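The numbering of the sequence shown is my numbering, which starts it at 15 and goes up by one.
No lab work stands behind these hints, which were simulated from the structure alone. Computed from a predicted model, the values in this text were never measured in an experiment. Just so it is clear, CB atoms sit at the ideal spot from N, CA and C, and this is done for glycine as well. Take the hints with a grain of salt, since some may be wrong.
Claimed, not checked - The calculated BS3-like cross-link candidates involving lysine-lysine, where the alpha carbons are at most 27 angstroms apart (straight line), are: (1) K121 <-> K79; (2) K121 <-> K16; (3) K16 <-> K116; (4) K79 <-> K116.
To be verified - Beta-carbon label-pair distances, calculated as ranges: (5) K16 <-> H113: 30 to 40 angstroms; (6) G29 <-> P138: 18 to 28 angstroms; (7) P138 <-> G118: 37 to 47 angstroms; (8) S110 <-> P142: 29 to 39 angstroms; (9) S83 <-> G27: 19 to 29 angstroms; (10) T128 <-> G53: 32 to 42 angstroms.
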Amino acid sequence: SKLLSNTMFSYRGMGLSMGTMVAGWDTSGPGLYYVDSDGQRTRGQRFSVGSGSLYAYGILDEGYKWDLSVEDAIELGRRSIYHATFRDCASGGTVSVYHVTKDGWTKVRGNDVTELHFQYYPQPELHPSNASELLA
Numbered sequence: 015s016k017l018l019s020n021t022m023f024s025y026r027g028m029g030l031s032m033g034t035m036v037a038g039w040d041t042s043g044p045g046l047y048y049v050d051s052d053g054q055r056t057r058g059q060r061f062s063v064g065s066g067s068l069y070a071y072g073i074l075d076e077g078y079k080w081d082l083s084v085e086d087a088i089e090l091g092r093r094s095i096y097h098a099t100f101r102d103c104a105s106g107g108t109v110s111v112y113h114v115t116k117d118g119w120t121k122v123r124g125n126d127v128t129e130l131h132f133q134y135y136p137q138p139e140l141h142p143s144n145a146s147e148l149l150a
């Protein structure tokens, strides 16, 4: 994250626009950082980045607990990304989840948003975006 931050700082003011999360593990343990196009580097417990991030934060804020199991954390991440991509057309159509440990990273899942939509909402009429009553 420090290398990316320094690189982005050297391009400051040149019209670049980005925000990214960098996850890793060093001698002090796990780390998660947000790095933006100005070279700002912020350490945190959880981040959501991009145009759909507010939708993802809605799910993260509801479901995050410090003691989540790995499987529950993976599912929370997957649901958060799904909601961001479903509500924001600029967020892409794939949900990719990676697990980072001291031994490296593994891609846990990669799902198409359409498949997840029908998994999470098998009855389309029950989806929260469908109005149940007409407004007068």
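Hints the structure violates: just list their numbers, smallest first. Hints 5, 6, 8, 9 are the ones this structure does not satisfy, whereas the remaining hints hold.
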